[in-house]
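Visitor: The lines below spell out each chain.
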Amino acid sequence: MLKRILKDRLALSCGLIFLIVAVLSLSAPLVAQYVAHTGPNDEHITATIGSGVHRRYVVSLVGVPIGPTWGPRFFLGADSNGRDILVRLLYGGRASLAVGFIAAAITLTLATILGVAAGFYRGWLDAVIVRILDLMWAYPVILLAIAIGTVLAVSGITIGPITIRAGSLLLPAIIIGIVHIPYVAKPVRGQVLVIRKREFIDATRVLGMSPRRIMIREVVPNVATSLAVFAPLMVANSILLEAGLSFLGVGVLPPNPSWGNMIGQGISLISVAPTGVLAPGLMLVAAVIGVNGFGEGVRRALDPHGRIRPR
Amino acid sequence: MLSFIVRRTFSSAVVLAAVSVLTFMIFEVIPSGDPAIRMAGQNATPETIAAIRRTWGFNRSIWHQYISMMQKVFTGNVISYTDQVNVVSQIERGLPVTLSLALGAIVLTIAFSLCLGMLGAVTSGRVTDRILMFLTLTGLSTPSYVIGAIALYLLAYRAQVLPSGGYVHFGTDPAAWFTHLLLPWLSLAIPISCLSSRVLRASLLDNVNEDFVRTARAKGLSRSRVLVRHVLRTSLIPLVSIWGLDFAGLLGGGAILIETVFNLHGVGQYAAESVAGLDVPSILVVTLYGAFAVVLLSAVVDVLYAALDPRVRLDG
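Protein sequences, first through last, are from chains A and B. If you count by my numbering, then the first sequence holds residues 1 to 311, one letter each, in order. If you count by my numbering, then the second sequence holds residues 1 to 316, one letter each, in order.
Just so you know, the hints here were simulated from the structure itself, not pulled from any lab data. By construction, the Cβ of each residue, glycine as well, lies at the ideal position given by its N, Cα and C atoms. Honestly, I wouldn't trust all of these hints.
Stated by the list, open to error - Okay, the calculated bits of chain B under chain A, using three or more residues with CB under 8 angstroms as the criterion:
(1) 20-26
(2) 134-140
(3) 151-164
(4) 262-275
(5) 285-298
Use the sequences and the hints to build the structure in full.
Guide: Next up, the structure:
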């Protein structure tokens, strides 16, 4: 399988695009400290840049932020609060990618548990889980996420010993991770329904293995291929949903940057300061193309006939 | 067939009821959610708050509140907590915008995905197909509001050929209606059609090797006729459900972001505003409306699917 991916030039170039975006995002603190000399949330509304006749306000007196200087400071210009767009772009990348990966991990873990348990045990447990998945499926996803996001953004949440502060990155990650569960849990359940009738499962029953052991040792490895195909897809979808929520102001909360909330804040000034929207927009697209394209390579390698489809 | 429709309707009703309970509960348990305190405004005396609580029934048990709220929903008489306006009439006001947006977007989606999907299948494996695969990958990875923002900047602000937002009623000026909605339609249609054109391409390629295609060719039908009349017809079956659900998604809140970018006062923007204001009645109605769109259209799609493809078993 690795060999097939390594031969897949489209998948490799997409992987490379993603790697570049990821490395750029990881280098955010270095750029902030050594190149731009400003943090992602530092405002320079009244500051000026350049000297003599070239002296310009970072944010003009009528509120128009400076455009790209193509120099170390304000390389891509400033936003309406006089913050360095490049620095925010890179820090925003860290937030967006972190949320994307954590959310996908949550989705895959919970969806596997639910899908395998429902498909394997059948009976009332299956009925309950399927109904819950149907409910989540019919609930307008973005409204659900906005609803939970608004609620938790105000107050934070305590689950047992873990307390998540309002404004933590874990909040959008958990919301997105949960919202996406039906997309993976339904096809996983469908696969388990087929697997549980196969002879080798009967054999393990005869051997006296406990149901839990059969599920972990025999069923889960058999759905692993599907999970590997779903994983990049869920990362891409989670990054997109995070961006959408942040665009509306309920994902990654301001003042912390994420690509989505940069686009949301910049959209009203797009006619005079387009880089504030175009830069995060293009980074977002590059990251998602990277993940999706690589994911397609994984799919082509693992599932050449296209049998595995998310709901 | 009839029993299938009856069962499908019943389970749809159950899901909708569950959605309403869930939405009500979410906003009931939130800490900052006491509507009486917010309605009373700042510097309100405890007596004012208590009075508001009595008049609006916030002091009764949560089930009482839920049931009286649902009664109001069914009689179309839900009053918003924040601006005391009838929620249903607000949604009715936004509906033409959202409906125009969703209908146009889905028409463009179907047209685009038919062209791209068939072109990809016909040129499968060749350069055109590879370029198409990369283009559709780019398209499906680009969120609609990013396309919208780029188009807005280039076409509305730089080139100034199209309006930068707002909505004109079809009855007032059909041409302006069209130009105002063109960019939102394209922004919505591009990502969706890139995804569904790939499904169509794969489905066409699957069916090309079926026996009935060989039979049709052997009967002497031309290649293009077989492709359109036989292969395309069969391959469109899975697309019906995809387009149906996409349409439901657009109606049920999927257009929120694009409505924000182009400043269209549709249902989506109303939903975003009511959620931001934590206004329980309007959130409840908007969510129910969105869920209703999804549930209704997915039921329609299921029935349509069974009607189109006799192989689908209805007892699944």
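Visitor: Let me make sure I understand: some of the numbered hints might not hold for this structure. Which ones are they, in numerical order?
Guide: none
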